[in-house]
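**Q** As you go down the protein sequences, you meet chains A and B in turn. Per this note's numbering, the very first residue in the first sequence carries number 336; after that it's consecutive. Per this note's numbering, the very first residue in the second sequence carries number 336; after that it's consecutive.
Simulated from the structure, these hints should not be mistaken for lab results. Predicted model only: the values in this text are computed from it and were never measured. Mixed in with the good hints, there may be bad ones.
Copies of the same chain look alike in the list, so a pair counts if it works inside one copy or between any two.
[What the hints assert, rightly or not] Calculated cross-link-like contacts (lysine-lysine; reagent style DSSO-like; alpha-carbon spacing at most 30 angstroms):
| hint | residue 1 | residue 2 |
| --- | --- | --- |
| 1 | K627 | K390 |
| 2 | K517 | K338 |
| 3 | K394 | K411 |
| 4 | K378 | K411 |
| 5 | K627 | K703 |
The primary structure of each chain is shown beneath.
There are 2 protein chains.
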Amino acid sequence: MPKFYGRTHEIQEAPIQKLLIEVSIPKDVISLGQGVPFFGPPKEAILAASEALNKHGYKYTEDAGILSLREAIAKKLHRENHINASPDGNIMVTAGGNQAFINTLMTITNTGDSIIILSPYYFNHFMATKLVGCNPITVETDSDYIPRLEDIFEVVTPKTKAIVTISPNNPTGAVYPKHILKEINKFCSDMNIYHISDETYEHFVFGAIHQSPASFDKCLEHTISIYSFSKSFGMPGYRIGYVVFPSHLYNEMLKVQDTISICAPTPSQYAAESALNSCPSHAKSFLPTMEKVRNIFIEGLNISCVDMPITNGSFYFFIKLHTNKPSWEIAKVLIEKYGVITIPGEVFGFPYPALRLSYGNLNEREAKEGVKRLVKGLNKILG
Amino acid sequence: MPKFYGRTHEIQEAPIQKLLIEVSIPKDVISLGQGVPFFGPPKEAILAASEALNKHGYKYTEDAGILSLREAIAKKLHRENHINASPDGNIMVTAGGNQAFINTLMTITNTGDSIIILSPYYFNHFMATKLVGCNPITVETDSDYIPRLEDIFEVVTPKTKAIVTISPNNPTGAVYPKHILKEINKFCSDMNIYHISDETYEHFVFGAIHQSPASFDKCLEHTISIYSFSKSFGMPGYRIGYVVFPSHLYNEMLKVQDTISICAPTPSQYAAESALNSCPSHAKSFLPTMEKVRNIFIEGLNISCVDMPITNGSFYFFIKLHTNKPSWEIAKVLIEKYGVITIPGEVFGFPYPALRLSYGNLNEREAKEGVKRLVKGLNKILG
Numbered sequence: 336m337p338k339f340y341g342r343t344h345e346i347q348e349a350p351i352q353k354l355l356i357e358v359s360i361p362k363d364v365i366s367l368g369q370g371v372p373f374f375g376p377p378k379e380a381i382l383a384a385s386e387a388l389n390k391h392g393y394k395y396t397e398d399a400g401i402l403s404l405r406e407a408i409a410k411k412l413h414r415e416n417h418i419n420a421s422p423d424g425n426i427m428v429t430a431g432g433n434q435a436f437i438n439t440l441m442t443i444t445n446t447g448d449s450i451i452i453l454s455p456y457y458f459n460h461f462m463a464t465k466l467v468g469c470n471p472i473t474v475e476t477d478s479d480y481i482p483r484l485e486d487i488f489e490v491v492t493p494k495t496k497a498i499v500t501i502s503p504n505n506p507t508g509a510v511y512p513k514h515i516l517k518e519i520n521k522f523c524s525d526m527n528i529y530h531i532s533d534e535t536y537e538h539f540v541f542g543a544i545h546q547s548p549a550s551f552d553k554c555l556e557h558t559i560s561i562y563s564f565s566k567s568f569g570m571p572g573y574r575i576g577y578v579v580f581p582s583h584l585y586n587e588m589l590k591v592q593d594t595i596s597i598c599a600p601t602p603s604q605y606a607a608e609s610a611l612n613s614c615p616s617h618a619k620s621f622l623p624t625m626e627k628v629r630n631i632f633i634e635g636l637n638i639s640c641v642d643m644p645i646t647n648g649s650f651y652f653f654i655k656l657h658t659n660k661p662s663w664e665i666a667k668v669l670i671e672k673y674g675v676i677t678i679p680g681e682v683f684g685f686p687y688p689a690l691r692l693s694y695g696n697l698n699e700r701e702a703k704e705g706v707k708r709l710v711k712g713l714n715k716i717l718g
Numbered sequence: 336m337p338k339f340y341g342r343t344h345e346i347q348e349a350p351i352q353k354l355l356i357e358v359s360i361p362k363d364v365i366s367l368g369q370g371v372p373f374f375g376p377p378k379e380a381i382l383a384a385s386e387a388l389n390k391h392g393y394k395y396t397e398d399a400g401i402l403s404l405r406e407a408i409a410k411k412l413h414r415e416n417h418i419n420a421s422p423d424g425n426i427m428v429t430a431g432g433n434q435a436f437i438n439t440l441m442t443i444t445n446t447g448d449s450i451i452i453l454s455p456y457y458f459n460h461f462m463a464t465k466l467v468g469c470n471p472i473t474v475e476t477d478s479d480y481i482p483r484l485e486d487i488f489e490v491v492t493p494k495t496k497a498i499v500t501i502s503p504n505n506p507t508g509a510v511y512p513k514h515i516l517k518e519i520n521k522f523c524s525d526m527n528i529y530h531i532s533d534e535t536y537e538h539f540v541f542g543a544i545h546q547s548p549a550s551f552d553k554c555l556e557h558t559i560s561i562y563s564f565s566k567s568f569g570m571p572g573y574r575i576g577y578v579v580f581p582s583h584l585y586n587e588m589l590k591v592q593d594t595i596s597i598c599a600p601t602p603s604q605y606a607a608e609s610a611l612n613s614c615p616s617h618a619k620s621f622l623p624t625m626e627k628v629r630n631i632f633i634e635g636l637n638i639s640c641v642d643m644p645i646t647n648g649s650f651y652f653f654i655k656l657h658t659n660k661p662s663w664e665i666a667k668v669l670i671e672k673y674g675v676i677t678i679p680g681e682v683f684g685f686p687y688p689a690l691r692l693s694y695g696n697l698n699e700r701e702a703k704e705g706v707k708r709l710v711k712g713l714n715k716i717l718g
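Bound conformation, chain A alone (with noise of 0.2 angstroms):
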């Protein structure tokens, strides 16, 4: 048997999958685990991508992906985003928002470079750039999960290729203020570094407005932004996303592009074409149902043994705990015990006991439920 020698030894396992692996899960189990939306994709969607799965649905597509899907998303672009980006340079469809990142990652670095991601940080990006062979650079957020500034800027060294934004973010929710974003995106312009933006919960605000860095970059000459069809039109099992990007970056995007995937399904990019152009606006609609199931949980944790700052986006919360237990095994006690899933804050980087809580997948029933035995849980084991 062959030695087993690979870089993966650093990386953590795929953490959802491994924390549910090491517990007996109760039937009436109630998740706050998996990033999902509660909604499906539009009718429309999911017609057009039958449609195409009869007609032509079964052949490649040009690597970059089908034109007319590249023009609706320049056009969604420029509507919702203020991007100017051409169909034909500056934007690629890829087989999600985590196949953007690594593309790239690929794209932009040599072995050995690094890149700065925020903590608590969605350990994907940490993955995919241990995995490229490049060394994630982590920088902590406030204790509202505001990136601070002069902690990122004074990390960059001649090494340094990107830094990462995700806002609205993964795992804490916080909506990074314009100010803020516009600071980071000429601090890249001016160091000659890339501005990474990942916006896969763009269409996910509650009183606050979503910016787009590459909105500040007139030319579109040091930003590169990941979307995804994943939340906002409710289909991460057909695995869709595009990544914006300089158009200096095309050819060699291609290049990353054809070895991994050659093309994104192609059903998928025709469900993805018709979402944009017949639903824009679908997430939208289930954002009233969202906001009454966040409310539930931001007056339901109001409790003395967690601190969980009220940030405005995605539909994550990232409670902190007042003990020194491992928040890998509350995790555990919480599933096993009280029969709901949250993710550790561990797997996020967070040095500290911390859970992220996922309110995007329950009704206002389940939303009750789920708070209540949270609430009971975290009571018991921290009180």
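Assemble chain B onto chain A, guided by the hints.
**A** For chain B alone, coordinates are given in the frame of chain A:
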């Protein structure tokens, strides 16, 4: 504007797209270019995908793929490939064979390791090896494109992590004899390295028998096998394939999968399951047609200015040209002046003038016309 730093500078552009961008393509061009079959998926598979779209196909599946698909794959492997693989520890569903390959490389290598690939090689394997920061060591095959064992064995060093074989081969069509595959497989076992066997074209053999190296590795300890639905089931756009590997790699493979793609596209997984269960011999029913087309090539290209080893598999011929002109230029003239697309040998790392001819996508009429144009063009250019 940031400088461009990336590792992608060292690899070629997605070759087919690059070639087609460089020329003006006549309207009635006949393509012997991209390696796609002329047929689409079984009706049952389209129906299954269509049903999944509506029911649950918009949700993530387990990272490794839906269990019932992995079970169907295990049965197929047992029945057709004589491989005993467990759905729970040896099989992962991927977004196509390319993703299976790069997942594998990321799992078994560290930066700076080397991978042995046989020349002429499938360009994607070369590109993937470079992208993960490893060194592709290429070893020329013999004049019939069969591996020369001693040449392979002598380039193995402590940095070598795997030998890659593709049988039936892309780009040559060679079907490797059993004893050759067996010796390579045994050698890998003796050297404690992996044998990566790409069997994308397993169902396309003409008067030859396909052999799966993992069937020689009784305990599945050092063989990694890659399969695809793209060719056998006519569904390249669905992006669906799978990889079979030693169970000691399972957790590590999962990490990579989670990072790159989370899971393969869900509707495509249901299509694949249905294809395996209802139409396992889908490709077989098209082989008689393909054989007629194949014979048109064999007969038509019996001309003095080319050397065409008659190989027995996939749907490629790799012809050597008696000339000193670069084949990239010849391929361009063939498109623009003679209306026929071929892929130049350079992109497969072949050091002599050569062209890959793909005949999988043609009917008899197109094949006759395509060969006519090709012969006319080659006689003119080389004569």
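**Q** Next step is simple, just say for each hint if it's right about the structure.
**A** Quick rundown of the hints versus the structure:
1. Taking the closest pair of Cα atoms, K627 and K390 come within 30 angstroms of each other only across two copies (27 angstroms); inside a single copy the shortest separation is 42 angstroms, beyond that limit.
2. For the homomeric pair K517 and K338, the shortest alpha-carbon distance between copies (21 angstroms) is at most 30 angstroms, but the shortest distance inside one copy (48 angstroms) is not.
3. For the homomeric pair K394 and K411, the shortest alpha-carbon distances inside one copy (26 angstroms) and between copies (24 angstroms) are both at most 30 angstroms.
4. For a Cα distance limit of 30 angstroms, the shortest separation of K378 from K411 inside one copy, 19 angstroms, qualifies, whereas the shortest one across copies, 35 angstroms, does not.
5. Proximity of K627 to K703 under the C-alpha cut-off of 30 angstroms is restricted to the intra-copy arrangement: shortest distance 10 angstroms within a copy versus 67 angstroms between copies.
In the structure shown, no violation is registered for any of the earlier numbered hints.
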